[in-house]
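Asker: One line per chain: the protein sequences are D and E, in this order. Heads up, this note's numbering is the position in the first sequence plus 42, with the first residue counted as 1. Heads up, this note's numbering is the position in the second sequence plus 168, with the first residue counted as 1.
I should point out that these hints are in silico values taken from the structure, not numbers from a laboratory. Beta carbons: idealized from backbone N, C-alpha and C, even for Gly. Keep in mind that the hints are not guaranteed to be accurate.
Unchecked claim - Residues from chain E that keep clear of chain D, each with C-beta distances beyond 10 Å, as calculated:
no., residue
1, 256
2, 308
3, 337
As the list claims (entries may be wrong) - Computed footprint of chain D on chain E; a stretch qualifies when at least three of its residues, placed anywhere within it, have a C-beta under 8 Å from a C-beta of chain D:
no., segment
4, 180-190
5, 257-263
6, 294-307
7, 311-319
8, 430-438
9, 443-449
To be verified - Lysine-lysine pairs mimicking DSS-like chemistry, simulated, CA-CA at most 27 Å apart:
no., chain 1, residue 1, chain 2, residue 2
10, D, 196, E, 199
11, E, 222, E, 199
12, E, 222, E, 207
13, E, 378, E, 392
14, E, 327, D, 334
15, D, 93, D, 334
16, E, 378, E, 290
17, D, 196, E, 368
18, E, 378, E, 368
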Amino acid sequence: MADPASRFAGARPDGWALLKRNRPAMISLAFVVLIGVASLVVPWLMPADLKETSSATFLPPLATHASGAIHLCGTDVNGQDLFYRLLTGARVSLGIGILGAIISLLIGTAYGMVAGFLGGRVDAAMMRFVDVIYSVPRLLFIMVFISALDSYLKLGLDNTRLWAQAQHWVWLERSTAGLLPYSKLLVMVVSLGLVEWLTMARIVRGQVLVLREMAFVTASRAMGQGTFTILRRHLLPNLSTIILTYLTLTIPAVILDESFLSFLGLGIEDPAASWGSLLKDGAQVINPLESKWWLLAFPAVLMSISLLALNFLGDGLRDAFDPKSAD
Amino acid sequence: MLAFIFRRLLSSALVLFCVVSVTVLLSFVMKGGPFDREKPPPEHIQKALLARYKLSGNTWERYTSYMSDLVRGDLRVSFRYRDWTVAEVLAQKLPNSLKLGAVAFLIASIGGVLLGSVAALKRDQLLDWSAMFGALLLISVPTFITGPCLIAVFGLWLKVLPVGGWGRWEHVILPACCLAGPYLAYVARLMRNSLIEVMKSEFMRTARAKGVSDTQALARHAMKVAILPVVTFLGPLAANLLTGSMVVETVFNISGAGTVFVNSLQNRDYFLLVGAVAVYCALVILFNFIVDVLYGFLDKRIKVYG
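Given these sequences and hints, build the entire structure.
Answerer: Structure representation (structure tokens):
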């Protein structure tokens, strides 16, 4: 709890207390956690024959399945339950968002800390590099990158699978076979992480520029601590809330990038699904004569609300911990 | 200033060279060539095809021969569009994308600045809150969802704008609004925060103290400074609009350079792919260069370094 006396001394209230009072941010947090948990747990609880492809294609929402179960959101072009696909899609989309954001966090934090702490010409050169990448159409490269590397990864996985088969390593064979449809996803996560670190680097660098002038850094330097120790032991803890904030804001950005790629047909492929690929599938079968609105409406609403919640949460975190550098 | 312009020009050229090189090399290591069919053509014909399209030799030879062609302005021929050179394909499709991008750019920058300024002036009032909520909504919802929604509302329901098609000016409005949406929101947030900061600054208090009216102080002092973050964002904005236009072109069925790029990637149409990337990047980098120079003129406090 924040000490009430510190309020009178003009200190800012504790960031977490500010966040807890921010109602939209807390509702958003609850929603994101709910979606995350539901996407992990609910598909596991659903009856197995609902998840399979079937001849019952394009059933409207709330139609009953042959086994008596209800298709909550209808079925898609392959007769698969849309509710199930939405949840597994949420798993993929959120997973890509979180993993991509973590990769970008690692790169961005390291880059920003080094640039900010070294300062001078190194800093100028490193930040100029960030500016340059900022102004290049990055998604273009991701697309080329994914198309070029995906086939190699697929080949590598397939060779590993065959090799494991020859060695009778059932576990390795199964896991590589299971990974094959997700190979594009792996390339995508890494490449999205590789381009979304720029904002993080800028923010961290700006913060380090302020922090490194503070007395505790001089003190630890006087005590004989090396640069790396100062960065890790003293600066990193002070950066943690800012890093958390921008991690939260990077997740929706990565999810959005992924959905763009999937929508253009360059991302996730069947049998794996993400919100973007579901929307692409929905858009392909839509026609004015026979409105299959549920194939578009449910993924669109779920995706929009989730992204909005993540952005609200990120904004709330920023207001709480980094009020000066809004945007 | 002249030295700065020269340095920037040099670094822009370097960036363009790196970008094109990476794309060329990546496209050469892509698996699956443009001549891959279910039944591959016999060896000698494949060889002849490769020679005809100047694809023989190892990766390095292909790279150097392509780059030397490119420097001379020869973008080579497309595999998929028979009898078309890459330059011809792009010359036909790019104007559509540029038109869309330019209108979206104007909507995003001008609309964003206006919305952001209004929100900043009505700070913490209902107008500000609803504008900022709308902005967050626009940032969160991808364009391939807003696009169909716009079509449904303005095209099918109100029937004020055409649902699809391309050619007349009213065809550009919906796609451009759809494309500009998220960036308009981003610019508005940027502008709002920047203007709120500037209003707190001392020179604004001085201006008021010496009797300058509120509108005068805003127009002649505050805006000049508050707009600077927006100006820095204009370069990245152009880059984002170009990539964003691929999705919007798909949604609104516009035959522009974005669709050409996506198709060339799927068809392994190497030269078209690389040509599209090269032209795209040249445009974006040129635009960034212009913005940089403009910024150097606008903000005298910034020490520009190359």
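Asker: For every hint, state whether the structure bears it out.
Answerer: Comparing the hints with the structure gives:
no.	hint	in the structure
1	256	holds (21 Å)
2	308	violated (4 Å)
3	337	holds (25 Å)
4	180-190	holds (count 3)
5	257-263	violated (count 0)
6	294-307	holds (count 3)
7	311-319	holds (count 3)
8	430-438	holds (count 3)
9	443-449	holds (count 3)
10	196/D to 199/E	holds (11 Å)
11	222/E to 199/E	holds (18 Å)
12	222/E to 207/E	holds (23 Å)
13	378/E to 392/E	holds (19 Å)
14	327/E to 334/D	holds (22 Å)
15	93/D to 334/D	holds (20 Å)
16	378/E to 290/E	holds (24 Å)
17	196/D to 368/E	violated (57 Å)
18	378/E to 368/E	holds (16 Å)
Violated hints, in rising order: 2, 5 and 17; the structure is consistent with all others.
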